[in-house]
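Between the sequences and the hints, there should be enough to build the whole structure, so can you do that?
Protein chains: 2
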Amino acid sequence: MEKLIKEINSRLLEIVDNYQDSVVKEAIKYSLMAGGKRIRPIMMLQVINSYGIDYHDYLDAACAIEMIHTYSLIHDDLPGMDNDDLRRGKPTCHRQFDEATAILAGDGLLNEAVNVILKACYSNDLKISLLQILYQASGINGMILGQVLDMEFENKKANHQELDLIHHHKTGDLISAAMKMGALVCDYKDMLIWQEIGYKIGLAFQIQDDILDVTGNSEILGKKVGSDLQNHKSTYVSLMGIDKSQTIVNQYFKEATELLYKLNVKYELILEIMEKLKKRVK
Amino acid sequence: MEKLIKEINSRLLEIVDNYQDSVVKEAIKYSLMAGGKRIRPIMMLQVINSYGIDYHDYLDAACAIEMIHTYSLIHDDLPGMDNDDLRRGKPTCHRQFDEATAILAGDGLLNEAVNVILKACYSNDLKISLLQILYQASGINGMILGQVLDMEFENKKANHQELDLIHHHKTGDLISAAMKMGALVCDYKDMLIWQEIGYKIGLAFQIQDDILDVTGNSEILGKKVGSDLQNHKSTYVSLMGIDKSQTIVNQYFKEATELLYKLNVKYELILEIMEKLKKRVK
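Those sequence lines, one after another, are chains A and B. Everything in the first sequence is counted per this note's numbering, starting at 1 for the first residue and increasing by one. Everything in the second sequence is counted per this note's numbering, starting at 283 for the first residue and increasing by one.
You may find that some hints are simply not true.
[As the list claims (entries may be wrong)] If the Cβ cut is set under 7 angstroms, some of the chain B residues that face chain A in the computed set are:
hint : residue
1    : Val306
2    : Met363
3    : Glu381
4    : Ala382
5    : Gly390
6    : Val396
7    : Ile410
8    : Ile422
9    : Leu427
10   : Val430
[Claimed, not checked] Simulated crosslink set (DSS-like; lysine-lysine; CA at most 25 angstroms straight-line):
hint : chain 1 : residue 1 : chain 2 : residue 2
11   : A       : Lys119    : B       : Lys471
12   : A       : Lys189    : B       : Lys558
13   : A       : Lys282    : A       : Lys244
14   : B       : Lys285    : B       : Lys558
15   : B       : Lys401    : A       : Lys119
16   : B       : Lys471    : B       : Lys372
[Stated by the list, open to error] Away from chain A, derived, C-beta distances all over 12 angstroms, residues of chain B:
hint : residue
17   : Ser292
18   : Lys307
19   : Glu394
20   : Thr497
21   : Glu501
22   : Ile502
23   : Ser520
24   : Glu540
25   : Leu545
26   : Glu550
27   : Leu553
28   : Leu559
29   : Lys561
No lab work stands behind these hints, which were simulated from the structure alone. Just so you know, even glycine gets a beta-carbon here, dropped at the ideal spot from N, CA and C.
And the structure:
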């Protein structure tokens, strides 16, 4: 997986280096290269790998997903949103630069992710399908809706189902899209199963975030812990405690694994990602 | 032109009404329907009209341009950017709602403009070409670069050439893209001439903005005047005075008209837009 991360990082750098020099280019580079785990692009590329297909041609599409993920983090950290100072152990984009630069850096990433796919060496039909999956997932009925719901429940208690709905859109939509984009170029008939796997992993991932906000180490996490409690935010942990939350995380990973076994692919590549996610401490 | 504006408005409303209900949907609707002049979509559709081709099929692409224009205004008005309270005589998006909602509304519009084109009844080849023109123009080497340059020159004097470069990207790129998108569906061989016409009009438009910031009526303009002077911002007016600036505006419109005469189209439709722009007081 390390090789994959290196290839993703090097392609992301190439993409950004093509922009005209400006402070916003620097801010984009700073946030893109701040040590993200690259989970979403890895998922897309390992899905392709699991069919025995060479993933190198699809690095561009995978980078587009990471660009959208990074834009969402930059805007999410802004003073007008979560007002966070630290991300991955480094100053957030608006802290390192300034607010205007961070707003434009986020806008730039969301905009340029389109251009990355448009410029890639894919057929026009494939470009359209990739853009459809990606921008549906990141849009007003997808990831952005997740952000809105998250905001709406900042000052009122969310129940279990409401939390799931927030997680489904805020995290699940983009992770699911990454897996679907991988399946699209291999065997589109499997797309719905991959989508389901993506949602299971997305929900598990988000509950882990809630747990890590209580049990995690702020130095390892690279951001402050305890903020959910401080903000009186409803989380899985506040609703059902750490142990029960961890049981649900395990259950989601188990269900994702069972779905995976329905597919005629090299499971071990995806199981490896899930094992890594299960053990994550950041 | 009134009929065109009505059709654009009604299509924009249809697009937004399809989103899931949320405060961000309301904010998008509020800003989209706040009485914009619809210059960019009108330009695209009148270029198509000028070839004698029915523009109705292209309303979606025209709306996508307006959505990108509106997102740029919402983000531009944010406290972290220009911190404006009024736009078109109404509270800016973050004033009417809140900052987080305005950030997400802008993100939503930029994201959904892609989906509008993807969902339109065009061939995949046409969708790709339209997206290429639009997202190149609005991106990190286009409109966003214009914003960055504008920021960079907030605290230092810009000369004539530097101002032109800012205007070229900040306003010219998107207006030019609108004309190119119209030409693309009619006669792509004319695209470069339309691009040039777009840049001339864009520069004239932006210098008019500088003039109106000094001579305009804040009630008619729907925003406060005198802000450039207050912010010690370099403008055409501060560099060469009102009369000389007006002469340059007229010269750009004249050059745009001369370019127009090179084309085998119904000029009068485009001349009508230019006449309206020449006389604009808001």
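Hints versus structure:
1. Val306: 5 angstroms, holds
2. Met363: OK, holds: methionine 363(B) within 7 angstroms of chain A, min 5 angstroms.
3. Glu381: With a minimum Cβ separation of about 3 angstroms from chain A (threshold 7 angstroms), the hint on glutamate 381(B) holds.
4. Ala382: 5 angstroms, holds
5. Gly390: 4 angstroms, holds
6. Val396: With Cβ-Cβ at 4 angstroms, under 7 angstroms, it holds.
7. Ile410: With Cβ-Cβ at 5 angstroms, under 7 angstroms, it holds.
8. Ile422: 4 angstroms, holds
9. Leu427: Holds - the Cβ of leucine 427(B) comes within 7 angstroms of chain A, reaching about 6 angstroms at its closest.
10. Val430: 5 angstroms, holds
11. Lys119(A) x Lys471(B): Holds, at roughly 22 angstroms.
12. Lys189(A) x Lys558(B): Between lysine 189(A) and lysine 558(B) the Cα gap is close to 54 angstroms, so the pair fails against 25 angstroms, i.e. violated.
13. Lys282(A) x Lys244(A): 20 angstroms, holds
14. Lys285(B) x Lys558(B): Distance ~15 angstroms between lysine 285(B) and lysine 558(B) Cα, so the pair holds.
15. Lys401(B) x Lys119(A): 20 angstroms, holds
16. Lys471(B) x Lys372(B): 42 angstroms, violated
17. Ser292: 19 angstroms, holds
18. Lys307: 7 angstroms, violated
19. Glu394: 5 angstroms, violated
20. Thr497: Since the minimum Cβ distance to chain A is about 28 angstroms, threonine 497(B) lies beyond 12 angstroms and the statement holds.
21. Glu501: About 29 angstroms separates glutamate 501(B) from the closest Cβ of chain A, which puts it past 12 angstroms; holds.
22. Ile502: 29 angstroms, holds
23. Ser520: About 22 angstroms separates serine 520(B) from the closest Cβ of chain A, which puts it past 12 angstroms; holds.
24. Glu540: Its Cβ never comes within 12 angstroms of chain A, the nearest being 31 angstroms, so this holds.
25. Leu545: For leucine 545(B), whose nearest Cβ neighbour in chain A is about 28 angstroms away, the distance exceeds 12 angstroms, so it holds.
26. Glu550: Fine: 35 angstroms to the nearest Cβ keeps glutamate 550(B) off the interface.
27. Leu553: About 33 angstroms separates leucine 553(B) from the closest Cβ of chain A, which puts it past 12 angstroms; holds.
28. Leu559: Fine: 27 angstroms to the nearest Cβ keeps leucine 559(B) off the interface.
29. Lys561: 33 angstroms, holds
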